[in-house]
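Residue numbers (our numbering), protein chains in the order written: chain R, 1 to 248; chain X, 1 to 248; chain V, 1 to 248; chain Y, 1 to 248; chain D, 1 to 248.
Hints are not guaranteed to be accurate.
Remember, identical chains collapse to one label, so a pair may be satisfied in a single copy or spanning two.
Each computed EDC-like pair below joins lysine to aspartate or glutamate, with the alpha-carbon atoms no more than 20 Å apart [to be verified]: (1) K154 <-> E164; (2) K216 <-> D195; (3) K216 <-> E164; (4) K155 <-> E221; (5) K117 <-> E215; (6) K117 <-> D205; (7) K140 <-> D59; (8) K154 <-> E92; (9) K155 <-> D212; (10) K117 <-> E179; (11) K117 <-> D212; (12) K154 <-> D195; (13) K154 <-> D75; (14) K155 <-> E227.
The hints are simulated quantities; they were obtained by calculation from the structure and are not laboratory data.
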Amino acid sequence: MTILAPSVAARPVESPTATTRQYLRYLFYKARPSWRLVPHGERTAARAQLLAALEPFADRLPVLRAYSTVGTRGDADFLLWMVSERLEDFQELQAAVLDTAMGGHLDTPYSYLAMTKRSQYVDRHEHADGSGEGRRMRVKPTGRRYLFVYPMVKKRAWYRLSHEERQRAMDEHIRIGHEFPRVKINTSYSFGLDDQEFVVAFETDYPADFLDLVEKLRSGEASAYTERETPIFTCVAGSIADVLELLG
Amino acid sequence: MTILAPSVAARPVESPTATTRQYLRYLFYKARPSWRLVPHGERTAARAQLLAALEPFADRLPVLRAYSTVGTRGDADFLLWMVSERLEDFQELQAAVLDTAMGGHLDTPYSYLAMTKRSQYVDRHEHADGSGEGRRMRVKPTGRRYLFVYPMVKKRAWYRLSHEERQRAMDEHIRIGHEFPRVKINTSYSFGLDDQEFVVAFETDYPADFLDLVEKLRSGEASAYTERETPIFTCVAGSIADVLELLG
Amino acid sequence: MTILAPSVAARPVESPTATTRQYLRYLFYKARPSWRLVPHGERTAARAQLLAALEPFADRLPVLRAYSTVGTRGDADFLLWMVSERLEDFQELQAAVLDTAMGGHLDTPYSYLAMTKRSQYVDRHEHADGSGEGRRMRVKPTGRRYLFVYPMVKKRAWYRLSHEERQRAMDEHIRIGHEFPRVKINTSYSFGLDDQEFVVAFETDYPADFLDLVEKLRSGEASAYTERETPIFTCVAGSIADVLELLG
Amino acid sequence: MTILAPSVAARPVESPTATTRQYLRYLFYKARPSWRLVPHGERTAARAQLLAALEPFADRLPVLRAYSTVGTRGDADFLLWMVSERLEDFQELQAAVLDTAMGGHLDTPYSYLAMTKRSQYVDRHEHADGSGEGRRMRVKPTGRRYLFVYPMVKKRAWYRLSHEERQRAMDEHIRIGHEFPRVKINTSYSFGLDDQEFVVAFETDYPADFLDLVEKLRSGEASAYTERETPIFTCVAGSIADVLELLG
Amino acid sequence: MTILAPSVAARPVESPTATTRQYLRYLFYKARPSWRLVPHGERTAARAQLLAALEPFADRLPVLRAYSTVGTRGDADFLLWMVSERLEDFQELQAAVLDTAMGGHLDTPYSYLAMTKRSQYVDRHEHADGSGEGRRMRVKPTGRRYLFVYPMVKKRAWYRLSHEERQRAMDEHIRIGHEFPRVKINTSYSFGLDDQEFVVAFETDYPADFLDLVEKLRSGEASAYTERETPIFTCVAGSIADVLELLG
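So that you can see chain R by itself, here it is in the shape it has in the complex (with noise of 0.2 Å):
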């Protein structure tokens, strides 16, 4: 932020970190009713034509996962969890989609973007195979059956208080996580990009360890800073297929 900073013509930009730190985007859809109205053979045709319009984004970015919130949620039907080095990427995707016949009939009632970042209070807690910094820097999902996503604000008490103060409530924080092994974290940042501070998501195959978890981090000191953390997500894991085949 500089008060007197040259004026730049815009450029393609090269930016050093481009190759190590990644966006990510959760972009929730939900059918409009009008898509009830399409004839049951043109639907089948539409969500071909969706898959195929989606193809390309999913070999060409890192991650590109769909999950399905009808039976969860009342306000949205899918997921598209999707990562680039590229915000741009994010772009053309929703162009794409917004160009087939299905793409006409959803909205998006929820969408949040983040980045990665390297976190201030974990590093201590990594391995020596360094397996753990890389995870943080680039996402990799593992594939369980049920993500948990939400959007988090801290209050800005949080902030206020010294490194140390919110280390060791990390440290507890991190030590509850840890009594749940087989729910995994993925943390994202959004800080000046979206309404959010953070974008929380939680894989697992067993969704009361989490409820479990959520519950007793409750009464941890972090949580007390927590000032906002809905809407919360429970999503099924699914082919892109499979989570528009649920939409009929």
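With chain R fixed as given, assemble chains X, V, Y and D onto it according to the hints.
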């Protein structure tokens, strides 16, 4: 929540708790105006088709009950209260509804997902025959005429109290509840699964009893720690055919 | 609220209080734009049909009054204020409206459900002839020209005051009310039935009196414990035919 | 507010204050997308019809002024500012608009109802000729080019201050206002009539003056007691024909 | 704000500040689903028509820039950032858009109106050549690839601090900003003109820099006084033709 959990492929989950803990969903539907434009005869056929689509679920799910909110809410028409050991049952049920002609005219303005869980507060109130315990892990509606449902979030300060302080507040809460024996409570847990922490549902034949109970609880200690407990839905029991019939 | 109540089958309810306590519903309707597209002649017929559908309820319900909010609100067109000993009457009335041609063009943006209840604060203000008591358990509109309605929620701190403290605050509140004898209050209770705790309705022929009363109450002690008391609806009395006529 | 007031039949009201206090309504309209689908020629005719429908009200009402918010708001297109001694005039005006072809394409996203009232704070600032007093009980727009309107609610703590404390805060507020003589304020009162407590409207030819005034007031004592003062509407004066013309 | 200002007729305004202070508008558009139903050929023509309608404004306005939010937001498609000395230019631009075929398919979900103003905090940071000062009174975009925009409201407590306290907090804020020289800030003022107090816009070619800057500012003193700073829009620069092309 483990930072270094090995990546696992998606696979069928055989949780040892699958037979004891249950998922609950309170799903509220509202007919869009387009439903009124369907000719009367077609509407009768469409209601029958929807009933037929739900029948297999009524057989299969431990609980599938219908309630009307026509007459009590302006923003919802009816509730399907469903319980299952398989989260995917809710997905399949909602997809089946969407696949009917009437389903295309129904919005889902409210949806609450939850699980059963053993309470940490009521154990010492349990009966010797253990009936209380089973009720909490498995949902057993009593079939009373009125159901009052609401999502609940407690203030974070609640979770910072000691267990003794919380137990004392809950003892008072339970004692007041016992003064209204014609009202039966069902508590379920949504931490991490949905926007609320709890979904609370009360069954009774006597709405005035419930009103008086809720007002009396307001002066209790636990009530001071409520962050949010709306919307509150007054629901009137009926067969699925009954609640659809009220929509014309 | 009993944890071990025996399961009972749904059955007709014969509550001993059914004849003394009443249910109230304030239901606000708004015509959708589609109503304007109906040819003028058909609209006249549709209004007549709706009137005919409501006529049996005007006979049957203790109270069924209409008020227009055209001219005072942008988000509602008219109010039906209905009172009954049977909650199911509201269900049947709303279903009857939905079943008419005009009903298909009406949204219900606001709905407030409540019951009568004996106040714990005004008993000692009662008249010797007991007329006050009856008024509180049974709703008796006076037919004045203007009705001001709003839902109210009090801060939880209010309920933690002693009864003496609350009585003192309410005494002051009532004393200020007595300075405005041309304004008549109806208080009803919604704890557990709907999102608010109270629905308060004031009848008067003199809106300026009501404005002055509400402003004066702001400096009272009870007012400091108000959590929410909006939206506030200024409603103008009319026959049902009148309020429909204003919609064209 | 009397508990035992005798029931009275609805009847014409002859309030002694009817000639001195006035009702105000700030009604914001927005054209729905359907308006764009009306052929150009029909739109011209429809605008003329709406103008003709409003003409009798322009004659009859003490104030009926139009302002455009195209260019300043995304959620409203124009404002009708209307003032009358009869609340029913607003009802009749809105019904007349609804009865036109264009009225069927207009939503009313914002509406603020209020009354004039003598201020308890500015009396001692009044001029000897009494002109100030009349201005407050009867609305007298000055016809400047820009109007800034917003609803206001004060914190309850404000009303618990002594009159002296509030007078001191208002004196400072008024003093700052006097530093910007090209900005003229209109304050009206909505206690009990609508969701806000006040509707405040400022007329000026110099928007930058108003911006600077509002920023300066932020550090005043009274400003600390503001609970809500949004939305804020920047409105540009025009004839009714002008503001409709901007909608195409 | 004067209570006794003489009534003046509407007239052309010749403000002495008109040439130095500027109005800004950040107007976000979103295509409605109806746009997808327009045949492809007609859409191409409609985009061309809209471009032609905007061309005179691109010539006339000091600033008219386009950014896409397809790919970053679910609730907006593109942004027009416009700057002018005449508020009426924004009115004319929006009316011109509405008058096109495509304009009839565009909603305006977000709109932020503001003005330039000399900052009371950064003066002593100014360069000797005075270039900083001019930049603040006149908007000079640098044409970088990414724009981050959000409305901001500060807590009222901020305005009760002394100027020294605020200056100290802002000095820290500015110092942190200087650590990120590739991020350029534009601050504009909305007091009394719109719902926010400020509109803040950051230009950069390096989104990760901006994210890191915003996170670092969280622990600053000024940040503790932020009441609201959402929604936050990540915008990608393009020609107007480009951003329309992304909508299909």
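*Could you check the structure against the hints above and give me the numbers of any it violates, in ascending order?*
Of the numbered hints, 8, 13 do not hold.
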